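A.B. asks: What follows is each chain in one-letter form.
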Amino acid sequence: MEFAELIKTPRVDNVVLHRPFYPAVEGTLCLTGHHLILSSRQDNTEELWLLHSNIDAIDKRFVGPLGTIIIKCKDFRIIQLDIPGMEECLNIASSIEALSTLDSITLMYPFFYRPMFEVIEDGWHSFLPEQEFELYSSATSEWRLSYVNKEFAVCPSYPPIVIVPKAMDDEALRKVATFRHGGRFPVLSYYHKKNGMVIMRSGQPLTGTNGRRCKEDEKLINATLRAGKRGYIIDTRPLNVAQQARAKGGGFEQEAHYPQWRRIHKSIERYHILQESLIKLVEACNDQTHNMDRWLSRLEASNWLTHIKEILTTACLAAQCLDREGASILIHGTEGTDSTLQVTSLAQIILEPRSRTIRGFEALIEREWLQAGHPFQQRCAQSAYCNSKQKWESPVFLLFLDCVWQILRQFPCSFEFNENLLIMLFEHAYASQFGTFLGNNESERYFSALEQILQVFG
Amino acid sequence: MEFSELIRTGQAQAELLRGPEMPPLRGTLCVTGHHLLLSPGPQATPDLWLLLLRSVDSIEKRVAGDAGTITLRCKDLRVLQLDIEGVEATLDIARSIEALSSLESVITSFPFFYRPKGLRLGEAWHFHPPERYYKRVARETRAWRLSEANEDFSLCPSYPRAVIVPRAVDDDALALSARFRHGGRFPVLSYYHAPSGTVLLRSSQPLTGPQKRRCADDEELLRAVLAGARPGARGFIVDTRSAQAAKQARMTGGGTEAKAAYPGWKRLHRPLERGRPLQESFVRLVEACGDPEQSMDRWLSRLDGCRWLSHVKEALSTACLAAQGMEWEGACILVHGAEGTDSTLLVTSLAQLILDPLSRTMAGFQELIEREWIQAGHPFQLRCAHSAFSHTRPKHEAPIFLLFLDCVWQLGRQFPLSLEFGEGMLLALFDHSYASPFGTFLCNSEKERCLCEVRTRTHSLWSGLNQPKEQRKLRNPLYVPNPLAIWPSVEPQSLRLWQGLFLRWTHPPEPSEVAWEKVWQIATDQEKTEGSQPTDSASEPQP
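Note that the protein sequences, when read in sequence, are chains A and B.
Mapping to this note's numbering: the first sequence position 379 is 382, numbers consecutive.
Mapping to this note's numbering: the second sequence position 504 is 1446, numbers consecutive.
In short, the hints are calculated from the structure, not lab data.
Just so it is clear, the structure is predicted and the values come from calculations on it, not from any experiment.
Just to be clear, a hint being listed does not mean it is correct.
Calculated pairs, EDC-like style, for lysine to aspartate or glutamate (alpha carbon to alpha carbon, straight line, at most 16 Å) [stated by the list, open to error]: (1) A/Lys11 / A/Glu91; (2) A/Lys222 / A/Glu145; (3) A/Lys283 / B/Asp1239; (4) A/Lys153 / A/Glu133; (5) B/Lys1389 / B/Asp1034; (6) A/Lys312 / B/Asp1034; (7) B/Lys1460 / A/Glu419; (8) A/Lys218 / A/Asp172; (9) A/Lys153 / A/Glu447; (10) A/Lys75 / A/Asp62; (11) A/Lys312 / B/Asp1094; (12) A/Lys392 / A/Glu100.
On the chain A side, residues computed to face chain B include the following (Cβ under 10 Å) [what the hints assert, rightly or not]: (13) Asn94; (14) Ala96; (15) Asp290; (16) Thr292; (17) Met295; (18) Arg297; (19) Trp298; (20) Leu299; (21) Leu308; (22) Thr309; (23) Lys312; (24) Glu313; (25) Trp408; (26) Gln409; (27) Phe414.
Built from N, CA and C at the ideal position, the CB exists for glycine as well.
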């Protein structure tokens, strides 16, 4: 399929661009396979260079012979183009719609991008699990690298290499994978050098209505306990939701089978509730009616800050269990790909100074989000403006970044990076010339032969 | 009356809890005429902790068994708890504190006894007399003069001795205009805007009453203002009451300027909250800030419900309106409410911060407060008698000055390089306006201050704040003089809760203190490398 087939009108002159913080400018609009470009030929720069994948929604309006396209971007920008000529306007609009909704990964821009900067470091190999493991292996001999998932056969959303207790062999891991949602058996997320306690994460146990149990699963997580000490299981779902999950084959760890573990339920929202929250928040921020009461009540109604509070509270709880109580913890929700990762990564920011350096933070995202299998392609398909039917979109990663920003604001001297890095990560998660956030897990990235594309972090 | 009559128990053993972020103190507790003291040892040592009794807003006592607890809620929003050994000692100390913290007399208050080392009485009081501001105006225009008609405060008891009025208007006319204005507050110059040659005036409401009285001298005064400004200049009267409230004021003797009587002047209404509703707003906000267990929903709806941020928005909007009138329309502006001592001063002082770069310097800001709040007759003693924790029935209390400081903080946040003073200065002003060892915020007017001899017998806050050791806390290390007007965004999304004040005692101070130190370090290091002179006196040729 050629991009040219989708582009009805590649170029229009005398188009007026309206964008935030700049005066309106007139120039020539060009449509390529991946970009919308506007140049007024005044300097040597273009005023607009927008990736189609950054477009959330477009509106078109006509006033006489002049057509207006309003482009709402995934990074919350709103851009307006005044196009002379109704036919040109309609052509541009439908071309943009087609080009911004392409499904196949390999058609995306990162496969075509050739950077203008010198690539000093191959970011794809900057943060490999073996390197991360070396940081722990000096402190403990209780853990090992397992290659059981190297064909992605045991767990499709895990990376090929995971860190597991030494006492567990690969056969046992295969059995545990059949007992956990999506094959996501408990793996090491973080080792706390101060007292040797750990954070593990997984998917929900598939206990179902029969109360199934899996001895290997129990052995795995018990292997992390010291003699006579208890551990904590933090379930990010409220108790009634966890109980209802049994009807669909899921469930939670029964006290009878896991006597040394104490279970705590939190209630972190997920999926469309978070997406609706984001939509309402962005609407409130764009509201120009100038009324303080309206702003505050819309902010409250969006519930965004409630989610932030719940996530941060859970992360603090996890960090306290590790650091103050000296207990290991296991974190999971339903699938273990959303709220689980928010909690594990934030707990590490709280506990470990390395995560607050730039490289450490990059490594954290690589480990706890990308390799851990957070489905970026699904979650970041649409942002706050999209009005087409939503499936799996949810601003889970953005909530994580907002939580990091909250901590950054309270401890301004404790981070090596500032707000700009967080904003940049948000933008690239939704639309990027780099391939880091493409796909839903390591397996998809591998099979799309993404090694050729350059990493954001390179 | 002797202080000792009010002190029942001299001493007791106690433990002081200062909140979650500071360690408790243990020692001997002592009540004096003006202070509460806690001494770690039997003798007074440099580690002495003391609290000005005047800063206590409300007090609660509980006794259980052999000991008692006193909870002090202070005007600066701190909450302190004293665990005292001995039930009788607890009750006595509580009673002493209650009596001493609510003494009304000015001349027995602590500023009349405060004699710190290093400060001389009489310093700094003469920094900012009205004559000084007049000299600045006279350099730009001859249309105004300094009148001393109020020398003995007979014209207007709440104005200072000298005021700036149009040259064309003589003192007799001023006297007649004073009789036509509430409290004698006839229109006077607040600020002269050189770039457009227009002026900002303030006054109180005209006493038109139900008979729609007029006063030729008052009308002449305002006509002279327009004549003295640019030819063809218009005037706007910004009335800080709603149109309805202004109309109702006529029933009780007040009113508004009739259109026909003041040609060239157009009236605009911009209602600003004052008095009891403003105090309630403050109380509810502080209550909401003091609740750590609440859900996010409850916090946001309480923040919304107390309406404090709406008041901030309205105040800044009105100040912008006045400033725009002068800068963009080239018009003269007269601001008044009912009494002209609260929202009026809020608008005139904020408008000057927006327009005048000099008022954004440290010295200029102090002068602005002296001129537009203290000498202009804002009744500090009445307004700051009680803060947000008080249980007593509110009479004249209202946090208008705090609202002003909050608005200044919003300006500083939106324009971080344009104010020479930092948040520390605003917090200090808030603290001292409610309870202070300095005499600056005592009394309600210059007349009262003269009667009590405040300026000769107490120290000025400015001499305290301008000491070199205070500058690090009070100044803004990022300041760069900005000659332009600064126009704040008054969109609700741009205005924030002033956490540094309202959440001062609930957040641990360290991270922001460390950050502030770091900013100072970076700024001074940069100054050193930029301003370093390559001279070495040893290499100068000897004569």
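A.B. asks: Against each hint, give a clear statement of whether it holds in the structure.
C.D. replies: Results for each hint:
no.: 1; hint: A/Lys11 / A/Glu91; verdict: 9 Å, holds
no.: 2; hint: A/Lys222 / A/Glu145; verdict: 14 Å, holds
no.: 3; hint: A/Lys283 / B/Asp1239; verdict: 15 Å, holds
no.: 4; hint: A/Lys153 / A/Glu133; verdict: 13 Å, holds
no.: 5; hint: B/Lys1389 / B/Asp1034; verdict: 38 Å, violated
no.: 6; hint: A/Lys312 / B/Asp1034; verdict: 45 Å, violated
no.: 7; hint: B/Lys1460 / A/Glu419; verdict: 14 Å, holds
no.: 8; hint: A/Lys218 / A/Asp172; verdict: 14 Å, holds
no.: 9; hint: A/Lys153 / A/Glu447; verdict: 13 Å, holds
no.: 10; hint: A/Lys75 / A/Asp62; verdict: 8 Å, holds
no.: 11; hint: A/Lys312 / B/Asp1094; verdict: 60 Å, violated
no.: 12; hint: A/Lys392 / A/Glu100; verdict: 15 Å, holds
no.: 13; hint: Asn94; verdict: 37 Å, violated
no.: 14; hint: Ala96; verdict: 30 Å, violated
no.: 15; hint: Asp290; verdict: 8 Å, holds
no.: 16; hint: Thr292; verdict: 9 Å, holds
no.: 17; hint: Met295; verdict: 4 Å, holds
no.: 18; hint: Arg297; verdict: 7 Å, holds
no.: 19; hint: Trp298; verdict: 4 Å, holds
no.: 20; hint: Leu299; verdict: 4 Å, holds
no.: 21; hint: Leu308; verdict: 5 Å, holds
no.: 22; hint: Thr309; verdict: 4 Å, holds
no.: 23; hint: Lys312; verdict: 5 Å, holds
no.: 24; hint: Glu313; verdict: 8 Å, holds
no.: 25; hint: Trp408; verdict: 15 Å, violated
no.: 26; hint: Gln409; verdict: 12 Å, violated
no.: 27; hint: Phe414; verdict: 5 Å, holds
In summary, the structure is inconsistent with hints 5, 6, 11, 13, 14, 25 and 26 from the numbered list given earlier, while agreeing with the others.
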